[in-house]
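Colleague: Could you slot chain B onto chain A? The hints should help.
Going line by line, the protein sequences match chains A and B.
To convert a position in the first sequence, counted from 1, into the numbering used here, add 32.
Position 231 of the second sequence, counting from 1, maps to 225 under the numbering used here, and the rest follow consecutively.
Note that these hints are calculated values from the structure, not bench results.
For each residue, glycine too, the CB sits at the ideal point set by N, CA and C.
Keep in mind that the hints are not guaranteed to be accurate.
Claimed, not checked - Using C-beta positions, here's what the derived DEER-type ranges look like:
no.: 1; chain 1: A; residue 1: LYS229; chain 2: B; residue 2: ASN333; range: 47 to 57 Å
no.: 2; chain 1: A; residue 1: ALA269; chain 2: B; residue 2: MET85; range: 21 to 31 Å
no.: 3; chain 1: B; residue 1: ASP202; chain 2: A; residue 2: LEU289; range: 52 to 62 Å
no.: 4; chain 1: A; residue 1: SER60; chain 2: B; residue 2: MET85; range: 48 to 58 Å
Claimed, not checked - List time: in silico BS3-like cross-link candidates among lysine-lysine, alpha-carbon distance up to 25 Å:
no.: 5; chain 1: A; residue 1: LYS75; chain 2: B; residue 2: LYS71
no.: 6; chain 1: A; residue 1: LYS284; chain 2: B; residue 2: LYS330
no.: 7; chain 1: B; residue 1: LYS330; chain 2: A; residue 2: LYS154
no.: 8; chain 1: A; residue 1: LYS107; chain 2: B; residue 2: LYS72
no.: 9; chain 1: A; residue 1: LYS61; chain 2: A; residue 2: LYS41
no.: 10; chain 1: A; residue 1: LYS154; chain 2: B; residue 2: LYS71
no.: 11; chain 1: B; residue 1: LYS517; chain 2: B; residue 2: LYS531
no.: 12; chain 1: B; residue 1: LYS210; chain 2: B; residue 2: LYS412
no.: 13; chain 1: B; residue 1: LYS531; chain 2: A; residue 2: LYS154
Unchecked claim - Listed next, the stretches of chain B that the computed footprint assigns to chain A, with coverage defined by at least 3 CB atoms under 8 Å from CB atoms of chain A:
no.: 14; region: 61 to 71
no.: 15; region: 325 to 339
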Amino acid sequence: METVTLTIKEQPPLFLEAEVFNPDSLASKTAQEIAALPLPMGKTTPVVGDYFTVSGKGGATAAETKVVVNGDLRKVKYIGAHMSAGEVVINGDTDMYVGAWMTGGKITAKGNIGDFAATAMKGGELIVEGNAGNYLGTSYRGDWRGMQGGRIHVKGNVGSDAGTFMMAGEIVIDGNVDVHVMTHADGGRTVIKGNAKSRLGGQMVQGEIYLFGSVDVMMPGFNYVGDVELEVEGVKATFAEYIGDTGERHPKSKGKLIYGKLYQKK
Amino acid sequence: MAEYLIKNGFVFDPVLGINGDKKDIAIKDGKIVESVGASAKVIDAAGKTVMAGGVDIHAHVAGPKVNVGRWYRPEDKKQAPYEPGRGVRRMSGGFSIPTVFKTGYEYANMGYTTVMEAAMPPFFARHVHEEMRDTPILDQGAYPVFGNNWFVLEYLKNGELENTAAYIAWLLRMTKGYAVKCVNPGGTEAWGWGLNCTTIHDPVPYFDITPAEIVKGLIEANEALKLPHSMHVHSNNLGNPGNYETTLDTLKLAEGISPKGDFGRDQVLHHTHIQFHSYGGTTWGDFESRADKIAEYVNANKNITCDIGFVTLDETTTMTADGPFEHHLCELNHLKWANVDVELETGSGVVPYVYSPEIFVCGIQWAIGLEIALLANDPMRFHMTTDHPNAGPFTRYPRVMKWLMSAKARDEMFAGMKNEGKVRDRTGLGAIDRELSLYEIAMMTRAGTAKALGLSHLYGSLTPGLCGDVAVYDYNPETADDPELIEKAFGSAAYLFKQGELIINEGEIISNGNKRTLWVDVKTNENAQVQRDIALKFNKFYTINQNNYEVASHHYVPNPYVIEIDATV
Chain A
33 METVTLTIKE
43 QPPLFLEAEV
53 FNPDSLASKT
63 AQEIAALPLP
73 MGKTTPVVGD
83 YFTVSGKGGA
93 TAAETKVVVN
103 GDLRKVKYIG
113 AHMSAGEVVI
123 NGDTDMYVGA
133 WMTGGKITAK
143 GNIGDFAATA
153 MKGGELIVEG
163 NAGNYLGTSY
173 RGDWRGMQGG
183 RIHVKGNVGS
193 DAGTFMMAGE
203 IVIDGNVDVH
213 VMTHADGGRT
223 VIKGNAKSRL
233 GGQMVQGEIY
243 LFGSVDVMMP
253 GFNYVGDVEL
263 EVEGVKATFA
273 EYIGDTGERH
283 PKSKGKLIYG
293 KLYQKK
Chain B
-5 MAEYLIKNGF
5 VFDPVLGING
15 DKKDIAIKDG
25 KIVESVGASA
35 KVIDAAGKTV
45 MAGGVDIHAH
55 VAGPKVNVGR
65 WYRPEDKKQA
75 PYEPGRGVRR
85 MSGGFSIPTV
95 FKTGYEYANM
105 GYTTVMEAAM
115 PPFFARHVHE
125 EMRDTPILDQ
135 GAYPVFGNNW
145 FVLEYLKNGE
155 LENTAAYIAW
165 LLRMTKGYAV
175 KCVNPGGTEA
185 WGWGLNCTTI
195 HDPVPYFDIT
205 PAEIVKGLIE
215 ANEALKLPHS
225 MHVHSNNLGN
235 PGNYETTLDT
245 LKLAEGISPK
255 GDFGRDQVLH
265 HTHIQFHSYG
275 GTTWGDFESR
285 ADKIAEYVNA
295 NKNITCDIGF
305 VTLDETTTMT
315 ADGPFEHHLC
325 ELNHLKWANV
335 DVELETGSGV
345 VPYVYSPEIF
355 VCGIQWAIGL
365 EIALLANDPM
375 RFHMTTDHPN
385 AGPFTRYPRV
395 MKWLMSAKAR
405 DEMFAGMKNE
415 GKVRDRTGLG
425 AIDRELSLYE
435 IAMMTRAGTA
445 KALGLSHLYG
455 SLTPGLCGDV
465 AVYDYNPETA
475 DDPELIEKAF
485 GSAAYLFKQG
495 ELIINEGEII
505 SNGNKRTLWV
515 DVKTNENAQV
525 QRDIALKFNK
535 FYTINQNNYE
545 VASHHYVPNP
555 YVIEIDATV
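Okay, chain A solo, but in the shape it has when bound (with noise of 0.2 Å):
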């Protein structure tokens, strides 16, 4: 596997939309080539090495190339967006849209990442060390397929409106959830080891919420149902069933309605 090494030297006046920091991307381009390529910001169009240093290589696919992108990138938007393979790796904060529309591969972000992060995922790892803004593996706006598979793992906290419309692949949180968690959701899990606000499974279809930690407010829309034993993420516990949300339309699976459900740890 080849890398490339993005170092960020000087902060820009405007937000930088860095849609080619991916490998499938940069595989195949030499770091010359690399820093000629385009880097919008506002109307204008930069290039790459305008703001950052090159080194290394892309691999020969996307699969055999790894990014690493180091520096102060809190004004950087769309690192690892639309990837389908290979490796990222962020060492450093930045801002929107990490992994959006990601179809495969890793992303490993060792700080905090911006809002949109994973839009509409449908494959692949993101794994942030820090924390996440808000809509983390939502839609786009105003669509109603949010993400559709892959894992995202968030060892710090999130934002609000995380896995609105979600349909497949799982969300871990680690730390606490602001409000909105799988807001109209038709699949997926989420798993909150903190504690959360209020409006889980807000419109909820189908789908899971495991949460550990407390919550302020449950939804008037789900019911208890019974306690139930189970092991989540390496953790054996009883936890309460909830079934939600009650106020919307479910479908019907040999003549039972298919609930989601909301399990909260005893």
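Modeller: Just chain B now, with coordinates in the frame of chain A:
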């Protein structure tokens, strides 16, 4: 104004009977002429196809429901991101509900120069005109909707045909409208009561009138006014299995009526997006094509025209004044739904829809459109539309042409379907090997539509004296063998002229032209009763003042083309 000579192209003009002959076309002072002087600019069209500018009889491209689609579907812009402005082009984007600028550019790229907005809520006519005003290049007109209008319902219930006609004339003048449109007659008003009219004999609540009476009354009023276009109906029961019988019942209402007026049309009833109205079966389970029955009836009755509404198998945004249908659609796909009640006049709904080749119902819908077009005996009366954006975006017309002109292209589409067998079994498309010629396509896209609109004195042909609207496509009908070339060439005109002005030069849009708004000003006898009724309704029911209703000023219609008619007796 510059003179042009388009030399040596393969010309297709069904009005003049020119079928692919090599001809020169001359343009001078905005019009087609017999010949031009030696100083004329020469366009070398050797090896290319030349036709009159395209005329679209039915598309939803301006006004409130289109705008609702734009604002509630940001994800549509993701499919076709905004492109920055360049040259004369403004920034533009959007896929199924493009911005007005993109609408103008994309139609021009397909060689179209005239496009009709198919449903204008009179109450929001100003907005419709604002958007048409901002749409570059194209000549446009808009059809106000009448099928659920309280004035019309009351007059027709009482058998007051003269008052109906006088009201229509007044409303066309107020809204700067072009034709009489009728959407789900009575059904949209019934939707205000949570009901619908699914046959032509279902009474409209409160008004106690039936869709049959509304349609027949509007046809008669339309002929009494001698309007350029005929009554333009979207009949009841759209999109439901078994609805072909409702469609036939509606079409039969035109029997025995002949056209009046001086605009050269032969029809008294135009049925729009007839694909959506040609369904057999009783449920989605036994859903099947009845294209054969519908095509047979239209073929046999010369006083009817139709446009198809081809399903293009795309993700799109449905929008119609047929409010109950949109609710029904939302119940089917559970996606987002917008619903509007337009006081006293009409309503509408907007729902996104994915026509997936994986779903057999969508495959059958795709086949039905093509089947009807391929069963047409007279392509002058069967017009190309996708009911944009309902069955698919208008930008797919070149793809529809490919399917119509190539059995091979249809077979490729069939082969890509998950339920190919089922789609073939339940439609007649697989058994049809007809391939339309460019001559027939010219009938479906310009000559026929111009005639049905009563605009054959302006558009649809290269007859000297007509508007200098000419499209040149990089397509050689003698050597082209791959159907993909059809889609490519007819989606990007090499040259386009609008009223004698060069709009597209070597594939690049170089001018926004001098677009016009077509509307019909028809004079009727003084009618104190109708004037009194209008004043009363505005005072009593409308939320706005009568003075704030008219689309009057220069601001809304800066470049009008007014068709004046005297219908006084």
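Colleague: Could you run down the list of hints and mark each one as holding or not?
Modeller: Each hint, compared with the structure:
no. : hint                               : result
1   : A:LYS229 with B:ASN333: 47 to 57 Å : violated (33 Å)
2   : A:ALA269 with B:MET85: 21 to 31 Å  : violated (55 Å)
3   : B:ASP202 with A:LEU289: 52 to 62 Å : violated (42 Å)
4   : A:SER60 with B:MET85: 48 to 58 Å   : violated (34 Å)
5   : A:LYS75 with B:LYS71               : holds (19 Å)
6   : A:LYS284 with B:LYS330             : holds (21 Å)
7   : B:LYS330 with A:LYS154             : holds (22 Å)
8   : A:LYS107 with B:LYS72              : holds (22 Å)
9   : A:LYS61 with A:LYS41               : holds (21 Å)
10  : A:LYS154 with B:LYS71              : holds (20 Å)
11  : B:LYS517 with B:LYS531             : holds (22 Å)
12  : B:LYS210 with B:LYS412             : violated (43 Å)
13  : B:LYS531 with A:LYS154             : violated (56 Å)
14  : 61 to 71                           : holds (count 5)
15  : 325 to 339                         : holds (count 3)
Of the hints listed earlier, those the structure fails to meet are numbers 1, 2, 3, 4, 12, 13, in rising order.
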